[in-house]
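Enquirer: Sequence:
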Amino acid sequence: AFGEWQADLWSLQKVGSSPESHHLALYDGDEDGDTVVQYVVEGGVEEIPNTDVDPAWGPELNLGDPLTLSTFVTWAATEYPAEKICVVLNNHGGGWFGICWDDTDEDFLPPSEVAEALESIHYNLGRKVDVVVCYACLMASTEFAYEIHEHADYLVASETFSWGSETHGEDDYLIGNYPFDRIWGPVKDNPEMTAREFAVHVVDAFQMYGPWNAPDIMVYRDYSSDTVAAIDLSAMPELVAAVDRLGLELESSLTGLGRLVNHAQLVNRVIGSPQSPEEYCTESFSGQPDFIGQGTWVNYDLLDFIEQ
361 AFGEWQADLW SLQKVGSSPE SHHLALYDGD EDGDTVVQYV VEGGVEEIPN TDVDPAWGPE
421 LNLGDPLTLS TFVTWAATEY PAEKICVVLN NHGGGWFGIC WDDTDEDFLP PSEVAEALES
481 IHYNLGRKVD VVVCYACLMA STEFAYEIHE HADYLVASET FSWGSETHGE DDYLIGNYPF
541 DRIWGPVKDN PEMTAREFAV HVVDAFQMYG PWNAPDIMVY RDYSSDTVAA IDLSAMPELV
601 AAVDRLGLEL ESSLTGLGRL VNHAQLVNRV IGSPQSPEEY CTESFSGQPD FIGQGTWVNY
661 DLLDFIEQ
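Quick note on the working numbering: the sequence shown kicks off at 361 and runs consecutively.
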């Protein structure tokens, strides 16, 4: 939403760009024809015509299209060369279901399309993206991290919920979990920071979201914003192999009720927005579901299931 980005932009403008630290944004709002490219300077922004990025770009772009992401990052890294690249994805997140919903185009980026975009960037630039930051809910999942591990070095994301910034009036901003001034200020002062150091630094800069706890609809209200991690993506193949072995061992040992539950028909439900659950609630049925193929997604709490 515009109010969220306006607040984040205000935070980033407190730092601005420098010859050794460039900040570029591709923003798309809720209206038709409001896609903008911005170069952030201290105290303001410089608007860049969309056609400078791609002559075929018009005033309205689909940010749920991986080609849009790869085109923008490739252009930015070419026009503003840097030794390290950080890509921040700022929008709704749904874990292994996807991220970055474009309501105008009714589209979003599944993990496979994020990986597709990063692969294209990798090919175009001849190098990986150094750090991917997901300013979104539920993206610190094994599934998402594994999907992108070949084309980025580090992922910073939250396993639970991530709260965006808010604008309450002129110069009245409530900054969410990721205060851009605290994140990027030290980079401007120390551009030699390694990608690993930066990823850890983003975790250190993460802050609890201000004036309210998560609504009652959330299971764990008191720490819903209290998780963030920096993930070394080079370790993902080994981790996934270990998880696969564990899953096979657990499945083979299931007996009685556990085996019945494993083969039961499940209702897969997720609430994507505590403020407007009716807009983001999806429900469907499947027997031994192929979650990705059927477009359904589930976030059950294992400890709660065991206790029941």
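In short, the hints are calculated from the structure, not lab data. Please note: incorrect hints may appear among the correct ones.
[What the hints assert, rightly or not] Restricting the straight-line Cα-Cα distance to at most 30 angstroms, the calculated cross-link-like pairs of lysine-lysine (DSS-like) are:
no. : residue 1 : residue 2
1   : Lys444    : Lys374
2   : Lys548    : Lys444
3   : Lys374    : Lys548
Enquirer: Lysine 444 and lysine 374: Cα distance at most 30 angstroms?
Expert: Given that 30 angstroms is the threshold and the Cα spacing comes to 21 angstroms, the pair holds.
Enquirer: Given the hint that lysine 548 pairs with lysine 444, does the C-alpha gap stay at or below 30 angstroms?
Expert: It holds: about 13 angstroms lies between the C-alpha atoms, which stays within 30 angstroms.
Enquirer: Would the hint linking lysine 374 and lysine 548 be met if the CA-CA limit is 30 angstroms?
Expert: 11 angstroms, holds
Consistency note: the structure conflicts with none of the earlier hints.
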